[in-house]
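Given chain A, work out where chain B should sit, using these hints.
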Amino acid sequence: MSDMNQAMVQKYRSNFLKEVEANVEEGTWVKMCMQCGVCSGSCPLGPHWEHPQQELFMMIRAGKREEVLSSSSMWMCTSCYNCIARCPRGLPITHIMHGLASYAKRLGLAPKNQPTSKFGDIFWDSIAKNGRVNELKIGVSLYFMNGFSQGIKNALASRELGMAMMKTKRMSPTEYFGGHKCKDLSGIAKMLKKAKEFEAEHITKFGE
Amino acid sequence: MADMKIGAYICQGCGIGDRVDTAQLASVAKREGKAAIAKEHEFLCNAEGVKMIQDDIANEGVNHVVIAACSRRAKTEAFSFDGVCISRANLREGVIWVRPDTDEARETTQEMADDYVRMACAETKYQKMPEASGEQGLTRHLLIVGGGISGMTAALEAAKTGYKVDLVEKTGKLGGVAAEMFKKYPDKAPYNVLADNTTSAMIEAVNANGNITVHLNTSVTKTEGAPGRFTVSLATESGASKDVVVGAIIQATGFTQYDMGKLPELGGGKSPDVMDQLAFEKMVKANGGAIKKADGSEAKNVVFVQCAGQRSEQPGHLPYCSGHCCMTSIKQARYVKEAGGDATVIFDDLRTPGADGEDVYRGGQEAGVAFSKGKVSSVEAAGKGLKVNYTDKILAEDSTIDADIVVLATGMVPNSGPNPYVKLDLEMAEKDGNADLVAKLKAEVEKAPPSILNLMYRQGTDVPHLKHGFTDSHFICFPYETRRTGIYTAGPVRRPMDAHQAIEDATGATLKAIQACENAAIGRAAHPRSGDLSFPSFRKEGCTQCKRCTVECPFGAINEDEKGYPQYNEARCRRCGTCMGACPVRVISFENYSVETVGQQLKAVDMPDEFSEKPRLLVLACENDAYPALDMAGMTRQEYSAFARIIPVRCLGSVNTIWITDALNSGYDGVMLMGCQKGDNYQCHFVKGSEIAHIRMSKIDDTLTQLNLEKERVQTYEVSIADIQRIPQIINDMEKLIGEIGMSPFKF
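In order, the protein sequences belong to chains A and B.
Taking numbering that gives the first Met the number 0, the leading residue of the first sequence gets 0, the next gets one more, and so forth.
Taking numbering that gives the first Met the number 0, the leading residue of the second sequence gets 0, the next gets one more, and so forth.
Just so you know, these hints were derived from the structure itself, not from any lab.
Take the hints with a grain of salt, since some may be wrong.
Said to hold, decoys possible - The following label-pair restraints were derived from C-beta to C-beta distances:
1) N286/B <-> G36/A: 17 to 27 Å
2) C35/A <-> D100/B: 47 to 57 Å
3) S1/A <-> A188/B: 41 to 51 Å
C-beta: ideal position from N, C-alpha, C; glycine also.
Excised from the complex, chain A in its bound form:
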């Protein structure tokens, strides 16, 4: 258990709803859910959620902290905004889902091998390092996300596409070794540093 997680457990004791209201983006809306289930019924990925949105709200109120934060559910959100458009109570459900995912990640409770979470990490690492996305590296990382042999299988399965892209000069193998970067790399780094400061500030303010 991370230190921050420990601290939060101490701070809010059994009142998980208060913890969510204080720390999760748009968390103050959770109490307004009236359990109609329109969100769960509207979600295109609904059947694949471990706990649909409606249930997540109820679990928050019922104090099921571990189950909610370690759930893969909110990571399934594709930001289609169907739930927000339809919620009769006007809850910003998509934002709450992202808020929950983000909070779980901060606490170190997010599920370890969740693909959406992993893709986020890979994408972020690439863009933060180079100032732009290196498509080849991201592609390779994703192929090998679940181990070496699976990676080879994935690569072989897409080899025709890869060869075609190389032939038409849409992809160059040399990109893998370094690859080109954006012009002002230090500027990007500064910008991201500032953004992190803002975020920290935001979280602290939010946490009050």
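Same frame as chain A, now just chain B:
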């Protein structure tokens, strides 16, 4: 009326002239209908046509008008003439619109039209102009029983119109349950806040009003008479008594909370910290907003259990929803939040009726009240506090929540008097010697509450119940009307409701009560025959004192004198004619609706012989639903048999079996009775009429056997106003059936 002079007016408009020979209709009216005048007009309902009729009334002395045009339900304003009897032959909706416009159909269509003209002439011959009996004058004075929010609203509303009011309250103070409230949810926007209780201002207004006389510690010991002339005896606890004469009565006796002692599994009666909503309200009010346990310590955690002992099929529970409890619990949970505690509402379905209700719910959520969809299985003591065990219905798992106080939303039990029909049923059962039923009804009579109105009616002391003890008569079709004319119930005694609804309800009831007074003074009927001036009378020489009329009247309008003769109370009567249908010696009649007006119509129909292949089907259709449905069948051009002859009746209850016997004797091949839905979910506009008719008709088999006729020839149907396709189908099926079993041999 002096000499009868019939004028028959035949319209050629709306295609009638193209489809039937109106000259022939005029000649039928003259030769067979004995009309002194018979005129055709190409557009009878226009100013010229109406003037033609008016001129004949004024100059030619026509006093019975036959209008052969559209349905009696159409053009009623154009065809309303003062001081004359009017009968209508339905040539449009009843003939040309339900028959195909073909050469083959022309002959039978003409026969149909001829018959309807004969029938209208026969009907009007036996009609007289109704006149009010004048048995009551105008009494602008109301009695209101119950001094709660409903009763006070009714009193103030009546007083505003200049009516005098006697307001009777059983206890020593006005205000009822509403006065006990700490706060209320608001009656105007914004709804998501709590509002102050304004009942005390209302009490002051009542006390200060010169038109209202308040009688505290008083009850009603006797009520006699009818709308416009009720004599009511009031008695105070100290023994003083007083008689008042009032035009109408409003019973606003409110409700009692369901006894939570019947819910031991939810801790009812086991712990002082388990209370019903009213007890919680009183506690908060007494503490000025602080939430305290019975031992005086502060309560931090309050759990509200919705639907406690209600919306439940368990024996002894209330099967219905009381409507207000969700809103009340949200309000009370906010008291807890405002006092700094935590409140959880455990609900099954959170029902907050109305747009304002949704805001009340939202206001509760904004204030941080926790809402959990679940079913509470038990409440038990745990240390110094309580433990609520419930099943979370969203997460589908059992859960427990700690509480300092548990509030049970137990629901409303109406404060109505005893249901008069239980006693009457008991009398019947004793007469029939049905021991089981007697025992069951006796038990019911024993646990009945004391009478509230003490009516001196043949049919018992109080307003009949509809369901679960509530004194309504029909939720949808005629709210406010009870089954005792001139007596209106308002507030939670009529159906479960909150204070806001009670205020609206009482206002409506007051208007109905005022209408009843004004109607009574001029002899007009209440709903559904609003404005009808006719009322039943009986020929005393013929009466056998059998009491069927006094027993069967759905409105308890008829009393009996010492000798057992019926005593009609015009203003109590709804003019359905159930008494007329009941009378075995046929001595009861209305001026314009009698055994003769219908009997002569069915006899006036031309009866083709047995070998003509033209059967005749008599359809007696209730004018409330079946007849409009038939009209609508015409409007939508549904075809039905040309052999049907339809006579509208006020209610199936008014159908006297002599009509059936007469019809069969005069050669009809089939008789069809169409009335409204009967039973517990009745749609009968006169409550019991359709049911009584069905019972009577179940005994018609003897008559058929005597005549050696097939039982299938007489059928009774329950239909609704929406059956515009089904009814033509039923008629056509009957025609087919006659084709199978053959024509009646009684054609002479």
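Against the structure, the hints:
1. At roughly 39 Å, the beta carbons of N286/B and G36/A sit outside the given window of 17 to 27 Å.
2. With their beta carbons about 55 Å apart, C35/A and D100/B fall inside the hinted range of 47 to 57 Å.
3. The beta-carbon spacing between S1/A and A188/B, approximately 48 Å, falls within the hinted interval of 41 to 51 Å.
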